[in-house]
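S.K.: Listed below, chain by chain, are the residues.
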Amino acid sequence: MFAYIVRRLLNTIPIIFGIALIIFVLFNLVGGDPTYTMLGKHATAEQVAAVRAEYGFDQPQYVQFGHYLKQIVTFDYGRSYSSRQEISTMIARGIGPSLSLALPAFFITTFLAITIGLFVAYFRGRWIDRVVVVLCVFGMSLPMLAYILFGQYFFAYKLGWFPISGFEYGFPERINYIVLPAIIWIMVSLGYDVRFFRTAMVEETSQDYVRTARAKGLPERLVFFKHVLKNSMVPIVTNVVIEIPLLLLGAFLLEGFFGIPGIGSMTIDAIHNSDFPVIKAMTTLQALLFILGSLATDIIYTLVDPRVSLK
Amino acid sequence: MSQAAATQAQVPVQKVVGRSLLNDAIRRLKRDRVAVLCAWVIVAYALLALLTQFKLIAYPWDVPVTGSYAPPSFDSIKTIMGGDIFGRSVFYKVLHGTRVSMSVGLVSSLIAIPIGVFMGSVAGYFGGWVDDLVVWFYTTLSSVPDIMLLVAITFVLGKGLTAIYVALGITSWIGLARVIRGEFIKHKSREYVIAADSLGATHASRIFRHILPNVSHFVIINLSIQFMSAIKSEVILSYLGLGVQGQPSWGIMIDDAKLELSRGVWWQLAGATTAMFIIILAFNILGDALRDALDPKIK
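Going down the list, the protein sequences come from chains V and A.
The end of the first sequence is residue 310 by numbering that gives the first Met the number 0, with every number in the run present.
The end of the second sequence is residue 298 by numbering that gives the first Met the number 0, with every number in the run present.
Derived by calculation from the structure, the hints in this document are not laboratory data.
Worth double-checking, as some hints may not be accurate.
Covered, in the sense of this in silico footprint (three residues per stretch, anywhere, with C-beta under 8 Å from a C-beta of chain V), are these stretches of chain A [as the list claims (entries may be wrong)]:
id, region
1, 77-88
2, 152-166
3, 229-241
Beyond 12 Å from chain V on every Cβ pair, some chain A residues (computed) [to be verified]:
id, residue
4, V121
5, L140
6, R189
7, V192
8, K257
9, E259
Idealized CB from N, CA, C, for every residue including glycine.
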């Protein structure tokens, strides 16, 4: 087990290196010198020289790449171009607001999706199952922006039940600002999740052991809730775990629309301001968190499913 | 008697037709009325996109046809979805958005499918270090979040439709490559491939002439997912200001709507959202039906 974890950890090193390489190639080599994108067309020679010196664009490529690798290891991504703040400070400040939206929304979604998925998988093929599947497909087909705009317009602007946008850092106060975006998050992801969990459970019911359990005379309820449920937890758990690290980054469209000062809206601002250092840092961070998620998933997979070999 | 002879003569022909996976799939698809309807919806969108492209309908879109923010009226086809801030026809803009979305789906698929098929088949067929390299490459690429990759590429290539085609094309081949690689690993040791080998078929011939036709239905299944995610991504990119420039698109219309809603102008949002909802729904349902019809596992 321990050897497996170590081997798995070592496996991620070439992947992290690959990520660094791709991002570096995209931003530094193919993109060329971003100084003009950051400064605009009317920059003076001194400004250009100052920006180049600060971000190291005047150095040879391999020095820049080394510098970037060092940034990844030390989590020190330098300063934002537009706000002049330390990027690590900006991230640290954004995590709180992002998580206060992402965590409740994610856990409620997962809980609801598993419950509904279980329920309809038990009644698979009957009308209730069909209705839920149709609703899921409809829900998945609506663009997220439409959910956001409609929700904000109707519930916040027309009915006035929630603030249209904004955020307060105090604890009970912030709930007020979180509720509506959280509901929209749940609405958006529920369709996809329910369908995924339902499929995972329904697929499990065609396994041989289910036939065996039925053949030896177990009642359907016992077959489903004892045998099928336990086994379908494997794809479910892995699907849930891989998303957890990404929650740190929040949902950037929701944060942007509702004015939540999290990492998501920080990223949107950076895109609008062509703030290359921030965009690069956010891209790197997301990729690293994804790697972390799949690492955790693999390890948990071996813990929950003894059939998985550690080779 | 002659009738019996005629039926007998037809039997072998029918058998051959009935055995083909594609024919079988088409027959199963036709039985699914909803899927057939969805296929027609997609054909209709494609036709509208083509007609708009060749300026046969909805041309010109950028001249005022009604008052600023005129609500929808049934006076003429141009005003059926109302007017935007400059009094331009929202209906025409929706049609141009259809053209942009369909072209993004098509061109990005044309870029992604060859890459995905090639990477997947080479990795699955040769195994060893080739496989390691391809898997390393797509694991790395898929770890970078799609949206950030798209943002980075559009920054690099400049804003506009071309950047979107390329960005979506080179980020969306990974799913297909994974599937094709898995299928190649299964197929490469089957009898028919070994037979081809013993007859002296080259690697290229075994990959492209023998195995690929047997796994090509996964390309069709993947196509609907590809189209769908391309349309969705185009809308988000346009919303972020990285999308098409100087022409209407659903993403830009939805983006405009965030300022219009508080004035009670809902038609631009409604038009773009409905158009997008219908096509995504059609691809969703058709994609599922295709998977059921083409995947021999659940026969």
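S.K.: Evaluate each hint against the coordinates.
M.R.: Cross-check of the supplied hints:
Here the region 77-88 of chain A counts 0 residues with a CB under 8 Å from a CB of chain V, which misses the bar of 3, and the coverage is violated. Check on the region 152-166 of chain A: 3 of its residues sit with their Cβ under 8 Å from a Cβ of chain V, so the three-residue criterion for coverage holds. With 7 residues having a Cβ less than 8 Å from any Cβ of chain V, the region 229-241 of chain A passes the three-residue criterion, so the hint holds. For A:V121, the shortest C-beta to C-beta distance to chain V comes to about 18 Å, beyond the 12 Å cut-off, and the non-interface label holds.
Its beta-carbon lying about 6 Å from the closest one in chain V, A:L140 breaks the requirement of being farther than 12 Å from that chain. Chain V leaves A:R189 outside its interface by the beta-carbon criterion, the shortest separation being 24 Å against a cut-off of 12 Å. With a least CB separation of 26 Å from chain V, A:V192 remains clear of the 12 Å interface cut-off, as annotated. With a closest Cβ-Cβ approach of about 6 Å to chain V, A:K257 is found to fall inside the 12 Å limit, against its non-interface label.
For A:E259, the requirement that its beta carbon stay farther than 12 Å from each beta carbon of chain V is not met, with the minimum near 10 Å.
Violated hints, listed in ascending order, are 1, 5, 8, 9; each of the other numbered hints is respected by the structure.
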